[in-house]
Amino acid sequence: MTLYGPLALRLDPVAVVFLAPIALIGALALIYAPAYSRLGRGAPFERGRAATLGHLATLTLLLASMALVVVAANTVLLLVAWEIMTIASWALLTEEHHAREVRVAGLGYLVAGHVSGAALAVLFVLLATAGGGWQVPVAPVDAARFGVSPVLLFALALVGFGTKAAVAPLHVWLPDAHASAPSHVSALLSGVLVTLGIYGLVRFVPFLGSDPGDWGMALMALGAAGACGGIVMALGQRDVKRALAYSTIENVGLIALAIGAALVAGSAGQPLVAALAMSAALLHVWNHAIAKGLLFFSAGAIARLVGSRDLERWGGLLARLPLLGTGLLAGAAALVGLPGTHGFASEWLLFMALFRGSQTLVGPARFVMLLAVVATAFTTGAALAGFVRILGIGLLGHPRGPEAAAARPPRDAALALPVLVLAVSCVGLVPFLGPMLAVIGRAVAALTPGAPIDRVARLASPLPWLAAIPALAAVAFLLYRTWLERGRTIRRAVTWDCAYARPEATMQYTATSLAQPVTRLLHPALRTNVDWRPPQGLWPDAMTWVSRTPERALAEVYRPAFRRVAALLGFFRRIQEGRVMVYLRYVGVALLILLVWFFWPAGTPR
Amino acid sequence: MIPLSEAVLVLVLLVNFAVLAASRLTFTIRATAIQGVLLGILPLTIGDPWSGKSLLLSGGTLALKAIVLPNVLLWAMREAAVRREVEPSLGPIASVGAGVLSVGLAQALSRNLPPLDAALPRLLVTASIATVLSGFIVLMTRRKAMTQVVGYLMLENGVYLFGLILAGRVPLLVELGVLLDLLVGVFIMGLVVFHMNRELESLDSARLSELRD
Amino acid sequence: MTALLPLALLLLLAPLLPGVAARTVALATGRRGAPVLQLYRDLRRLWGKDLVYGAVTTGVFRVAPVVWVFGAVAAAAFVPLDGRSALARFPGDFLLFAGLLALGRFALTLAALDTGSSFEGMGASRELLIGGLAEPVLFLGFLTLSLATGGSSLSELFGTGVGDAWPRVGATLVMVALSLAMLLLAEASRGPIDDPATHLELTMIHEVMALDHSGPDLALLLYGGALRFALFGALLVQLVWPRGAMGDLAAAGRLAAGLVAVAALVGAVESSMARLRMIRIPQYLVSAGVLASLGALLLLR
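Protein chains in written order, with the working numbering: chain A, 1 to 606; chain B, 1001 to 1213; chain C, 2001 to 2301.
Hints are not guaranteed to be accurate.
Ranges between beta-carbon positions, derived for each pair [unchecked claim]: (1) C:Arg2045 / A:Val16: 56 to 62 Å; (2) B:Ser1089 / A:Arg559: 26 to 32 Å; (3) A:Gly428 / C:Arg2032: 51 to 57 Å; (4) B:Gly1163 / C:Arg2168: 25 to 31 Å; (5) A:Thr506 / C:Arg2277: 24 to 30 Å; (6) C:Arg2277 / A:Glu96: 46 to 52 Å.
These stretches of chain A come out as covered by chain C in the derived footprint (C-beta under 8 Å, 3 or more residues) [stated by the list, open to error]: (7) 354 to 362; (8) 390 to 399.
Hints were generated in silico from the structure; no laboratory data involved. Since this is a predicted model, take the numbers as computed values, not measurements. Beta carbons: idealized from backbone N, C-alpha and C, even for Gly.
Construct the complete structure from the given sequences, taking the supplied hints into account.
Structure (C-alpha cells):
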C-alpha cells in the first residue's frame, strides 16, 4: 500500500479521444518546429544545433506530460503531469523572450498555471477526504456525507480545469500567451492543451456529488458567454494570432456549452439529448484541434514570411503563398462549420442536441436550451464574419505592404507537410465520420450513463454523405470552366473603382473598417476606444485614427483585483524586513503568545 | 383558425414591442392609441359580446384610451414642441431584448397562477403582465416626460387587462372608476408636461432635480 | 419524381421574381417599368459575353459564383417544395440548409474582398453584418417551428405538419411567418434593407459586390440572388398556404402563384417604405428575431 494509492495508468475510451489530437498535432509540430525556426528574414530566434535539440526535447516532454495527464488514473500522478505540462509549455512559450510582450505573456501564463495547479491540489485532497480516494473518479462521490460542500468541489474543478481550458471568465491569460508563442507551440496550446482542461471537466464534473444538472446550467452560461464574447473580440483584433486565440476561447465556449447541455439533459432524464450533446463536445474537440492546428501552422509561417502578425500588413498572399494560403482557407472553412468540412458535423450535433432539448425538456432547462440556440447561432454567424475578415483582408486583394508584396513561398517540405496533411483532413475526414463517431461513442457511453449511442449514430448517418458537397461543387466548377474557356476571350483589367484608374493598396477596405459595423453595434459591450485627431484648419497637416479593442475582463476585473491583493500583501512585505533583530522580536512575541495561550487560567485545564 | 381574443392579445403584445423599439414620439402615442383600440375590442371577444356591460366597457375604453387620451398627448406634444426621445438610457435593441425577457417571465409567472375560466383566453394573464413590465421598462429608461406618460399609459393598459379577468365579478362602477382615475391622471401629467416645458424650456425629466431649493 | 417537378419549377421561376417585384414598384410609382421577364433576357445576354477579371483577383474570385449558385441549388433540394416532402431529407437538414446559404455568403464576400476594391469591401462588410444577424433569426424561426410541429427536418417543419399546426398554434405561426418575411427582405437584398435599383455605390450592399464580375460570372451571381429570393419565398408559401388535399399539379401551381404573390408583396413593401439607415438594420433584424421568439414563448405553457 503506497501513500497515495498505486500510480496506475488507464487507457479507456475517454483517454483515447483526448490522446488522438495530442498524437496528431504533436507529431506534426515536431516536424514543423525546426523548419519554422529557420523561416523568414533574420529569423529572430535562429538557433544552434544544441538549442534546436533542446527545444525539441522540451516539446517532447510537453507531449509526454500531456499524454500522461490523459491516461493517469491517479489524481496525484495527474497533478504531477499537469504541473510538468505547465512548466514545459511555459518554457516553450517564452522561447522568444527577448521581446517584452513575450515575457509579460509568459508571466501571465505562469500565474494562470499556478492558480490552476493550486485549485487542483485542493480539489484532489478534498476528493480524497470525501471518500473518493486518490483515483480519478468513475462514480459519483458522496461529498456531502463527509462534510465537503459539492459547490466548493465544483468551483475548484472549474478554476483548476477551466483556467487551462480558458472558459470565460478565466480566459484572460490566453490571448497574450497564444499570440506570442512560436506558432507550432500556439498550435499545440490552442488545439490540444486547452482541450485537456475540457478533459478534466468531463472527467470530474459529473462525479462531484449533488445534481450535475446545476453544474450543467453554470457551464452552459459560462460557455455561451465565452463563445459570444470570444468571437466578437476576435472581430476586433488586428493581430492574426490574437484573433485566432480569441477564436479558441469561442470554440472552448461552445464545447463547455455542449458539456453543460449534456449534464442538464442527463439529469433531466433525456439520455438521447445528453448523448448528442456529449458527442458534439468530444467531436468538436477533434475538429477544433485539426482546424486550429492548421490555422496556426499556416498563419504562423505566413506571419514569419511577411515579418508581421498585423493583418493590415498582409494582403495579396493567396497568390504569393498558395499552399499556406489554402491551408488558412481550409482551416477557416472547417472552423466556421461550412457544410462539406468536418467542422459542420460537430456544429450539427450541437444544434441537434439543443433543438431536441428545447422540444423535450421542461421548465428552466428548456428555457436555457432556447437561449443556447440563439447564442450558438449568433456565434456561428459571427465566426463566419470573423474568418472572412482574416482571409479576405489577410490573403486577398492588393498586398498591404512591401513585405507582403515580396513574400515568396518557402522551399521546405517540413513546413508544407503539416499544413497539407491537416488541410486535406478538413475535407477528407468527412466520409469517415461514421467510424470517428463510433470511437467517440464509446467515450460518450462511459461519460453519460445509459446514452443511446446507436441512436446518435443512426441520426448522424447522413453526415458522411455531405462529402458530396465539395465534390459536386468541384465538378460543377470544372465543367463551368471548360465551357467558359471555349471560344471566349478572357481578359484581365484593373479593378473597377468608380472610374478611378489607379486603385491602390491603401484604398482597400481595412480589417478595422470591415469589422466596424459590428464593433459599432456592440460598442456598449466591447468599448472599442478610438483615438481620433481629425484634420484641422484650412491646410490640415496630419491626422490620426487609432482604434483598440481592449480585453475588458483583464482591464476592469483582474488588474484592479490584483492591485488590491498586491496592496494587501505589501503589509506582509513590511513584516519581512531582513534584519535579524526584527526576526528575533517575532520569535519573542510568538513565544509570549504561546505562553499566554497555554497557561492562561481557563475554565478547563488543558 | 385562432380565437379572435387570442389574436387581439398577440397584437397588444406586438404594440408593446413597437413602443419599446420606437424613438419617434408621435409614433409611440399612435401605438398606444392602437393598443387602446385593441383593448376596446377585447371585451366584445370574451364571453357574451352583446351584454350591456361588455358594450359599455368597450365603448368607454375606446372613447378614452383610443381617442381622448392620445389626442390630449398629441396636443401637449404640439404645444411643447417635442419630437423624439433623445438618448434613452437603454437602446432600442436592448429595450426590445428586455421586452422579450419580460414576455418569457410573464409566461413563467402565468403558469404558476391558478387556472382561469375556460371562457377567457389563455394569453390574457401573460399579455397583462408583459404589458405592465413593458410599461415599466419605458418608465425607467426614457428621459422625456412625454415618453414617461406613454409608459404610464402602457402600465395602466396592463392593469386593465388584468382587470378583465375579474370583469365578470367586479361591479361596473369600479371599472368606470378606474377609467376615470386614469383620465384624471393623464390630464394632470399633460398639464405638468406643458408647464414644465414653459418653465424649464426642456422636457428632460432628469432636469426636474433642479427644482429643489 | 413528384419532388423533381416543383424543384425544376423553382429553378426556372426564380428570375421571374425580381421582375415581378420591380414591376410592382414601377406600377405603384406611376411608371410602366421594365418587362417582367427582363432578368431572363439579362441572363441570356450575359451568358454569351466575354469575361474580364480584376488584376489582383485569385482563384477565389473564379470559384465564388459557382459556389454561390451551388449553395442555393443544393439548399433548394431540402425544401419541401411540393408541400409534403423534399427531394432529400434527414433529421436536422435545416442546419444544412442554413449552412449551404452561409457557404454562398462566405464565397461571395471573399470574392468581393478579392478584388481589392474599396467599394466591394464596404459591401462585404455590410453583408457580413446582415448575415451574422440573420443567422440567429433564421435559427429562431426554425426552432419555433420545430416546437410548434415537433418535427426536426425541413420537410416536417414546412411540409404537411404545418397544415395540422395552424388550428392549434395559429398565433405562433403568424409570428414565424412575419419573421420569415422580414428575413426574406434581408436575405434577398430587397428594400427596406437594400435597394436593388440604386446606382450609387456608396448605398449598395449586395449589388456593390458584383461590380467586378462580368459575363457568365455576373449571370451566375444574379441568378443565385434570385434563387435565394425564391427559396425564402417558397418557405413562406409553404408556411402560409399549406398544401392540404391538393393534387400534385395543383400543388405546383400553388407554389408558382404563391411565389409571384410574394414577389408582388415585396414590391409593394419596397414602394411604400423608405430604405432604412445602416444603423437601423440591426434593429430590423432583431425585431424579426423578437417575432420568432415571441412565437416560441407563446408555445411554452
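Under the constraints set out in the numbered hints, which ones does this structure not fulfil?
none
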